[in-house]
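Q: Here are the chains, one letter per residue:
2 protein chains.
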Amino acid sequence: MALRQAVRSVARPLAFPSSSTSALLSSSLRRSYATPPVVEEVPKVVVAAPTPLSSSNKFRNFRQTFGRVTLGVFVTAGGGFLLATYLAGSPGEQLPQDPTKKNVVVLGSGWGATAFLKALDTEEYNVTVISPHNYFLYTPLLPSVTVGTLEGRSIIQPTRFITRHKKRKVNVIEAEAKEVDPVNKTVKFVDTSDVVGVVTEKTIPYDYLVYAVGCENQTFGMAGVPKYACFLKELADADKVRTKLMDCIESAAFPGQTESEIDRLMHMVVVGGGPTGVEYAGELHDFLIEDLKKWYPEVADRLRITLVEALPNVLPMFSKKLIEYTESTFSDNKINLMTKTMVKEVNEKHIVVQDANKEIKEIPYGLLVWATGNTTRNITRNLMSKLAEVQTARRGLSVDDNFELLGGPGIFAIGDNAATKYAPTAQVAAQQGTYLAKTLKQLSKRDIAKEELDALRLTQGVAPEAVETAVKKLNKASKIRPFHYSHQGSMAYIGSDKAIADLPIFGSDNLTSVGGQATYWFWRSAYVSNLYSLRNRTLVMADWAKVKVFGRDVSRE
Amino acid sequence: MALRQAVRSVARPLAFPSSSTSALLSSSLRRSYATPPVVEEVPKVVVAAPTPLSSSNKFRNFRQTFGRVTLGVFVTAGGGFLLATYLAGSPGEQLPQDPTKKNVVVLGSGWGATAFLKALDTEEYNVTVISPHNYFLYTPLLPSVTVGTLEGRSIIQPTRFITRHKKRKVNVIEAEAKEVDPVNKTVKFVDTSDVVGVVTEKTIPYDYLVYAVGCENQTFGMAGVPKYACFLKELADADKVRTKLMDCIESAAFPGQTESEIDRLMHMVVVGGGPTGVEYAGELHDFLIEDLKKWYPEVADRLRITLVEALPNVLPMFSKKLIEYTESTFSDNKINLMTKTMVKEVNEKHIVVQDANKEIKEIPYGLLVWATGNTTRNITRNLMSKLAEVQTARRGLSVDDNFELLGGPGIFAIGDNAATKYAPTAQVAAQQGTYLAKTLKQLSKRDIAKEELDALRLTQGVAPEAVETAVKKLNKASKIRPFHYSHQGSMAYIGSDKAIADLPIFGSDNLTSVGGQATYWFWRSAYVSNLYSLRNRTLVMADWAKVKVFGRDVSRE
Numbered sequence: 001m002a003l004r005q006a007v008r009s010v011a012r013p014l015a016f017p018s019s020s021t022s023a024l025l026s027s028s029l030r031r032s033y034a035t036p037p038v039v040e041e042v043p044k045v046v047v048a049a050p051t052p053l054s055s056s057n058k059f060r061n062f063r064q065t066f067g068r069v070t071l072g073v074f075v076t077a078g079g080g081f082l083l084a085t086y087l088a089g090s091p092g093e094q095l096p097q098d099p100t101k102k103n104v105v106v107l108g109s110g111w112g113a114t115a116f117l118k119a120l121d122t123e124e125y126n127v128t129v130i131s132p133h134n135y136f137l138y139t140p141l142l143p144s145v146t147v148g149t150l151e152g153r154s155i156i157q158p159t160r161f162i163t164r165h166k167k168r169k170v171n172v173i174e175a176e177a178k179e180v181d182p183v184n185k186t187v188k189f190v191d192t193s194d195v196v197g198v199v200t201e202k203t204i205p206y207d208y209l210v211y212a213v214g215c216e217n218q219t220f221g222m223a224g225v226p227k228y229a230c231f232l233k234e235l236a237d238a239d240k241v242r243t244k245l246m247d248c249i250e251s252a253a254f255p256g257q258t259e260s261e262i263d264r265l266m267h268m269v270v271v272g273g274g275p276t277g278v279e280y281a282g283e284l285h286d287f288l289i290e291d292l293k294k295w296y297p298e299v300a301d302r303l304r305i306t307l308v309e310a311l312p313n314v315l316p317m318f319s320k321k322l323i324e325y326t327e328s329t330f331s332d333n334k335i336n337l338m339t340k341t342m343v344k345e346v347n348e349k350h351i352v353v354q355d356a357n358k359e360i361k362e363i364p365y366g367l368l369v370w371a372t373g374n375t376t377r378n379i380t381r382n383l384m385s386k387l388a389e390v391q392t393a394r395r396g397l398s399v400d401d402n403f404e405l406l407g408g409p410g411i412f413a414i415g416d417n418a419a420t421k422y423a424p425t426a427q428v429a430a431q432q433g434t435y436l437a438k439t440l441k442q443l444s445k446r447d448i449a450k451e452e453l454d455a456l457r458l459t460q461g462v463a464p465e466a467v468e469t470a471v472k473k474l475n476k477a478s479k480i481r482p483f484h485y486s487h488q489g490s491m492a493y494i495g496s497d498k499a500i501a502d503l504p505i506f507g508s509d510n511l512t513s514v515g516g517q518a519t520y521w522f523w524r525s526a527y528v529s530n531l532y533s534l535r536n537r538t539l540v541m542a543d544w545a546k547v548k549v550f551g552r553d554v555s556r557e
Numbered sequence: 001m002a003l004r005q006a007v008r009s010v011a012r013p014l015a016f017p018s019s020s021t022s023a024l025l026s027s028s029l030r031r032s033y034a035t036p037p038v039v040e041e042v043p044k045v046v047v048a049a050p051t052p053l054s055s056s057n058k059f060r061n062f063r064q065t066f067g068r069v070t071l072g073v074f075v076t077a078g079g080g081f082l083l084a085t086y087l088a089g090s091p092g093e094q095l096p097q098d099p100t101k102k103n104v105v106v107l108g109s110g111w112g113a114t115a116f117l118k119a120l121d122t123e124e125y126n127v128t129v130i131s132p133h134n135y136f137l138y139t140p141l142l143p144s145v146t147v148g149t150l151e152g153r154s155i156i157q158p159t160r161f162i163t164r165h166k167k168r169k170v171n172v173i174e175a176e177a178k179e180v181d182p183v184n185k186t187v188k189f190v191d192t193s194d195v196v197g198v199v200t201e202k203t204i205p206y207d208y209l210v211y212a213v214g215c216e217n218q219t220f221g222m223a224g225v226p227k228y229a230c231f232l233k234e235l236a237d238a239d240k241v242r243t244k245l246m247d248c249i250e251s252a253a254f255p256g257q258t259e260s261e262i263d264r265l266m267h268m269v270v271v272g273g274g275p276t277g278v279e280y281a282g283e284l285h286d287f288l289i290e291d292l293k294k295w296y297p298e299v300a301d302r303l304r305i306t307l308v309e310a311l312p313n314v315l316p317m318f319s320k321k322l323i324e325y326t327e328s329t330f331s332d333n334k335i336n337l338m339t340k341t342m343v344k345e346v347n348e349k350h351i352v353v354q355d356a357n358k359e360i361k362e363i364p365y366g367l368l369v370w371a372t373g374n375t376t377r378n379i380t381r382n383l384m385s386k387l388a389e390v391q392t393a394r395r396g397l398s399v400d401d402n403f404e405l406l407g408g409p410g411i412f413a414i415g416d417n418a419a420t421k422y423a424p425t426a427q428v429a430a431q432q433g434t435y436l437a438k439t440l441k442q443l444s445k446r447d448i449a450k451e452e453l454d455a456l457r458l459t460q461g462v463a464p465e466a467v468e469t470a471v472k473k474l475n476k477a478s479k480i481r482p483f484h485y486s487h488q489g490s491m492a493y494i495g496s497d498k499a500i501a502d503l504p505i506f507g508s509d510n511l512t513s514v515g516g517q518a519t520y521w522f523w524r525s526a527y528v529s530n531l532y533s534l535r536n537r538t539l540v541m542a543d544w545a546k547v548k549v550f551g552r553d554v555s556r557e
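Chains as they are written, first to last, in our numbering: chain C, 1 to 557; chain U, 1 to 557.
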């Protein structure tokens with residue numbers, strides 16, 4: 001109510017006191033102006049019956065109504081925006097951690113861990129988050145950072161911006177988890193950053209461990225990949241790609257550069273035809289058309305983009321129609337698509353591939369982006385080896401229907417590091433995180449019900465009905481619903497203001513495939529509304545506006 | 001005129017067709033609406049004579065006038081903004097370089113070089129710019145980048161955004177100049193970036209060399225400085241400081257960190273009490289108060305800031321009153337000021353100083369920012385050694401009144417690398433750059449006059465009067481006005497929304513000293529209006545708004 005009044009009082013000096021749309025607003029406004037003028041009568045006539053009115057009067061009525069509604073919307077939206085940002089930026093006092101409560105340790109700060117943290121009720125738990133990054137990264141927009149469509153900081157959110165709003169204090173530790181001991185229920189972590197104190201290693205106990213460390217880049221054992229290629233997994237990767245891209249272009253523009261070397265430096269090769277590789281190729285194309293041609297006319301036309309994929313098609317998770325649409329858009333955009341092509345070797349200035357005709361070829365490159373998917377992290381392999389009898393899946397940790405680790409009671413594995421029937425996507429990890437937060441809430445209810453029952457049983461002279469009720473309560477609290485995944489659809493940006501999407505509009509089994517410029521606007525709004533915070537939404541939209549108005553920055557930094 | 005009409009036609013459907021402020025606008029508007037309504041009469045009465053009018057009518061008139069003026073201002077400003085950004089983002093065709101014209105080579109892309117490039121008429125010259133950075137950095141705002149008040153990319157501008165708008169094509173080469181040969185008039189440069197082609201080195205001839213490579217950081221020969229300290233000269237320096245600062249804080253928050261180590265990690269030491277060091281200390285204080293206390297309540301109170309200065313005062317270039325104001329503000333902000341203190345040794349985790357009482361002390365630090373000023377670059381020392389007889393100044397290159405190098409005809413040294421009577425400031429370098437562009441214009445006029453005279457003298461049967469006129473023209477064109485420096489004042493931000501300024505309001509010899517929050521707003525507007533492009537101005541203001549609304553990002557990246 002206080003907000004409503006505040007909004008109204010702001011609206012007052014600016015609003016136009018005639019005509020009648022929002023009854024509440026206009027009556028409150030009317031009261032504040034003595035002796036309403038002649039015009040006041042006109043709108044009443046309009047509302048009562050549409051009798052003859054001069055067109056200019058009609059127009060004025062429309063205008064005033066429109067103006068008032070617009071003003072109302074703006075003031076309300078603006079006030080709501082400021083209130084929301086004020087609240088987000090003003091974390092209050094938190095309860096201290098309570099030694100009598102169970103300890104929940106969260107490993108990671110990606111999709112699974114962050115969704116879990118956002119949804120978790122910290123009332124019954126002491127929570128500790130351990131991650132080498134003290135922020136959450138909105139990975140689907142990472143390809144946009146590689147060419148400056150978005151700035152990196154617009155798509156990250158410090159983890160403390162979430163945890164400081166929790167009821168109970170949450171420890172956030174910037175460190176890399178190194179080892180989990182599923183028997184003694186402890187986790188060891190190390191400060192691996194550049195600046196460290198005298199204490200750099202610590203082992204802490206957990207009652208529940210939320211294991212969401214994700215995966216690392218799949219290199220297929222090729223030593224050249226980590227040495228010469230750029231990945232697209234972390235924010236630093238995107239910045240590195242951006243720097244290297246501009247570096248290639250500047251070196252190609254170096255006076256007296258040889259023709260073949262210009263061709264090499266201006267050849268950007270992407271390995272992996274999944275959404276990341278495809279979106280990167282699309283963004284690169286936009287950068288070429290919208291910016292490079294303006295500022296580097298001498299070399300822009302030499303830029304070539306090649307996408308290498310081992311499978312017969314890019315984007316295998318999309319419908320056939322959209323795969324074809326993507327491939328024809330790439331062909332229009334002169335992005336060279338090499339499918340059924342296996343990378344055999346990665347060298348400093350060229351890769352060796354076996355193409356669709358089984359021929360071995362050398363492909364010189366300036367920039368190599370490697371986006372071939374995931375593999376298990378060391379810490380995960382280590383944990384699996386400790387539970388070798390039950391942990392036999394190659395893809396990651398085997399879990400039950402509630403994501404509890406087989407052989408590791410109290411450990412819940414979600415996201416890419418779990419070997420489930422679901423795809424390794426952000427969407428799946430986020431839904432699992434939210435589900436797990438609910439599960440932990442349920443587990444705390446079960447614990448409380450159990451304590452109550454134990455207390456009753458130890459008390460003498462309790463009516464059997466009371467015990468029975470407590471047993472029922474415990475049984476009810478012990479029932480944990482299994483996870484249900486609700487597919488919201490798949491989307492990808494493919495360049496030149498076009499996107500593709502498979503959407504579950506008519507039920508999740510019947511995906512509707514759409515592609516083109518309208519889909520691009522849908523893609524943008526879906527991504528913006530999926531961003532975790534108002535802050536990120538605003539920053540991303542501001543970046544898009546910035547690029548629309550000023551173009552992309554071509555500084556190499 | 002086209003723009004004016006465009007603005008008017010945009011204004012039309014939105015404007016309110018009654019009352020009369022801007023006669024032009026309202027008459028043009030009135031024509032478009034048939035049968036003006038009753039209200040039309042009212043404002044005419046107001047303008048003719050202020051006869052009794054109900055207060056609500058008066059208010060409505062004011063409102064409509066106000067609305068129309070506001071709308072007019074917004075539409076004009078908006079249209080102007082879009083037009084300006086459109087033009088800035090749409091470089092046209094350029095004349096090719098012309099082998100018959102003289103070659104101007106510019107070394108650097110800082111204040112001097114960029115001001116020169118902006119002001120230069122490329123009609124008569126083939127211009128080549130050589131700089132290790134392909135952008136201009138607005139250095140006065142660099143301290144704001146270290147804590148995230150501004151994003152780095154908001155204060156840089158690609159050099160090509162300037163050169164692509166020149167009449168004649170300008171070569172921009174991202175490379176480091178390594179050697180100048182003043183006898184053969186050549187300059188050698190090397191591609192020192194991470195990605196290089198087969199050609200990495202080149203030597204090109206010049207007719208005129210604009211030597212504006214600047215200086216490097218003064219380390220007083222202490223090996224520990226480049227190894228352990230952070231500088232504040234390049235954009236990468238500011239990013240490094242930001243990362244390291246967050247790293248110190250995260251390591252201090254690491255569980256079980258020892259008390260003395262927390263004290264060390266949370267001790268931020270700044271060496272150098274010039275504007276850079278003072279502004280950095282101020283920004284750090286703001287970051288502590290406005291952000292760290294919110295998100296890192298467990299360690300924020302442990303943060304200490306110490307500023308070490310060898311002289312008896314900070315900011316020696318400011319008036320005594322402002323020095324005192326700064327020192328008392330620092331004292332209020334709990335910034336520890338150690339004046340008359342010499343740094344003797346820089347180690348990984350502590351510095352050794354000799355304090356005002358000649359006592360030797362060890363000061364442990366987490367982050368060390370080194371801002372002690374400039375020293376000559378290698379390439380400059382090398383050039384001086386080649387002209388050892390005339391180049392004897394220790395501070396840099398000796399030049400004549402037109403900045404032409406003593407012993408190096410055709411070389412013009414401007415900015416920090418020149419040993420002039422002026423302070424090594426951005427302001428001086430920029431004015432010298434603009435002056436030099438005018439000088440080169442004058443030199444091309446002289447060359448043309450000389451050619452004309454030579455041609456006349458070779459022609460038979462020319463009237464002696466014609467030759468005399470040509471001689472006069474040459475003499476006039478040969479007169480180059482000396483440089484005149486116009487001091488615009490000195491400013492510095494000192495933290496907690498306070499700035500100081502010595503301004504030449506009553507003539508440049510009588511500086512007016514002002515300090516406080518109003519000066520802070522003056523500081524902001526002066527810096528924004530001094531930014532070279534509308535793009536940078538918009539980005540900087542957007543960053544300020546972003547931080548005001550959302551606070552600073554505390555992600556370590």
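Please note that a few of the clues may not be correct.
A pair holds if it fits inside one copy or across any two, identical chains being indistinguishable in the list.
What the hints assert, rightly or not - Straight-line Cα separation of at most 20 Å, EDC-like style, residue types lysine to aspartate or glutamate; simulated pairs:
#1 K240 <-> E557
#2 K202 <-> E259
#3 K240 <-> D194
#4 K361 <-> E216
#5 K340 <-> E176
#6 K548 <-> D497
If you are wondering where the hints come from, they were derived from the structure by calculation, not from laboratory data.
Q: Which hint numbers does the structure go against, in order from smallest to largest?
A: 4 and 5
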